Amino acid sequence: MTVDNLINWFPFGAEWPVITFVSAVLICAIPVFLFIAVYALVAIYGELKISSFMQDKVGPMGQGVGLHAGKWGLLQPVADALKLILKEDIIPESADKKLFILAPFVVFVGAFITFAALPFSQEIIVADMNIGVFYILAVSSLGVIGIILAGWSSNNKWSLYGAMRSAAQIVSYEIPAGLSIITIVMLTGTLSMQGIIISQQGIIWGFLPNWIIFNNPFSFIAFFIFFISGVAECNRTPFDIPEAESELVAGAYTEYSGMRYAFFFLSEYANMFVVSGVAVAAFLGGWNSPIPGFMDSPPWGLFWFIGKSMSLIFLMIWFRWTFPRLRVDQLMSVCWKVFLPVSFVNIFGVGIWNLLVG
Amino acid sequence: MYRDFGTIFLFILIGIVLVYVPLLIQRLIAPKKNTPDKLSTYECGEESEGSAWVQFNIRFYVIALIFLIFDVEVVFLFPWAVVFQELGLLAFVEMAIFLLILIVGLAYVWKKGDLDWVKYNVKYARGRYSKAITEKEGTAVGNS
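Chains A and B are the protein sequences, given in the same order.
Going left to right, the first sequence walks through residues 1431 to 1788 as this note's numbering numbers them.
Going left to right, the second sequence walks through residues 32 to 175 as this note's numbering numbers them.
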C-alpha cells in the first residue's frame, strides 16, 4: 500500500499523475535496494561467524589498528564488497558475450522485483497485489533463466553442468513449494499477501497463535515441505549440487568475476530472504506477534517480520554446517517421490479437514 | 490494478539500472590488463579442450517435461483454491477427480522409471543403451 499512500500524500498528484506515480515508486525502490544490500552484508557476516562458531573457530577478527576488518571482523563483508568492485572484469574469449552480460541482469531483477510484494509490516508493502503470492511464485522462478543463460553462455563445462543441474533442481522443487502454497490459499481464500497474514490473527486451540502452521496437521507438514523446497530452490547446502565446489568449481558462475559475480551472490542472498519471507507470511503469521495482543501494533510488525525471517535464515545457515551434501539422484527422488506425493496428500487432507472441521 | 503492475514494471527498470551502475563504476576504477591466458576458458589450469556447447543428457529434458505438466496443474489449482471454501464439497470432488488423473500420470512416470536419475533398468531400450542393459543388473546407464 505504500505506493498508493505516497501518491495520496503528494500535493500535486492530480495535475501530474505519471510523474507522481514514478517518483512514488522510486521512493519505494531505493529503500528496498538498500535493505537488500544491508541485509546481504549482515547475512554474509552472519554466515562467516555462525559457520566459524559451529566449527569451533573464531572467524574473521580484526587485530590492531590500520586496514583491518574492524572490531570482531565487522567490516569483513564491506571489505569483500570493495574487493569485488575493484576486481578486473573478465569476459572469456570463447563466451557468448551478449548472453554472458545479460545473465546477471536477469538473475538480479528476478530477485529484486519479488521484494515488491513482500509484506514487511501492516503498512509497508510496495504493491499489495490481489495475486501477491502467485506473483512471488511466478517471478522468483525467473532466476532459473538467468542461471541457464550464465551456464550456457560461459562456454565452460563446469558452468554448463552446474546450470543444468541447477535448473533441473529449481524447477523440480518449485512444484512441491507451489502445492504447499495452494493449501494456504485453500485455507485463507485469498492470494493477497496482506490478506493471508490478516487471516492469521488471533488464537487457535486455546493457546497457540492462529498461524496457518498450527491450523491443522496437514498445513504443519506443508510448512516443512515449503521450507525445504525453498532451501533447495536457493541452491543451498545440503542441496548445493549445482555449485558443489569440490566437483564443479562454482557451477554456473565459474567464469564470472567482479561485480557480475557479486550480483549473482547478492541475488542468492536475496532469494534466501524471499523464501524465508514467504514462509513467514504464509505459515508463521507474517507481521503478527507470536503472543496475540503483545507488541502487536504497526511499528512492531516490521520487527516481527524481519525477526522471523532472520530466524529462518539462521536455520538455513545451520543446515549448511549440519547436513552433508545430497547426491544428485537422492535429490531428485526426494522431490518427485516423497515431496510431491505428500503434497498431494496435503491438498486432499486440507480439503477434507476444511469440509469436516472448518 | 494498473498501479500494481505499473509498479512492477518500474521495478524492473530500476533493477536494470541498479545492476548497470555498479558495473559502470567497476569499469571506471577496476584495472584492465587482459592477457590471452586470462581470457581463456577456465578448466582447472588445463588447456581447455573443445567447446562446452555439446549434446546433453536427455534426462534433463524429461524432468523439464514432467515439470511442465505439474506446473500447469498448479496454475489450474490456484483459482480453484481461492474459491474452494465458498463452493464446498462439489468443487472439492471435481478437483479431486482432476488431481487423481494427474496422480495416475505421476504413477505412470514413476513406474516407467523416468523419475529415477540413474536408470538401472530401462525397458525397451534401443541404440546405444541396449548394450548397457544386457550387463548385469545394478549397472548404471549413462554418466552423471
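Just so you know, these hints were derived from the structure itself, not from any lab.
The structure displayed is predicted, hence computed values, not measured ones.
Careful: at least some of the hints might be erroneous.
In silico contact screen, one side only, chain B against chain A (beta carbon under 10 angstroms); selected entries [claimed, not checked]: (1) 45; (2) 62; (3) 63; (4) 72; (5) 80; (6) 87; (7) 111; (8) 143.
Each residue gets a CB set at the ideal place from its N, CA and C atoms; glycine is no exception.
So, going through the hints one by one against the coordinates:
no. : hint : result
1   : 45   : holds, 5 angstroms
2   : 62   : holds, 5 angstroms
3   : 63   : holds, 6 angstroms
4   : 72   : holds, 5 angstroms
5   : 80   : holds, 9 angstroms
6   : 87   : holds, 6 angstroms
7   : 111  : holds, 9 angstroms
8   : 143  : violated, 12 angstroms
Comparing the model with each numbered hint stated earlier shows that hint 8 is the single one that does not hold.
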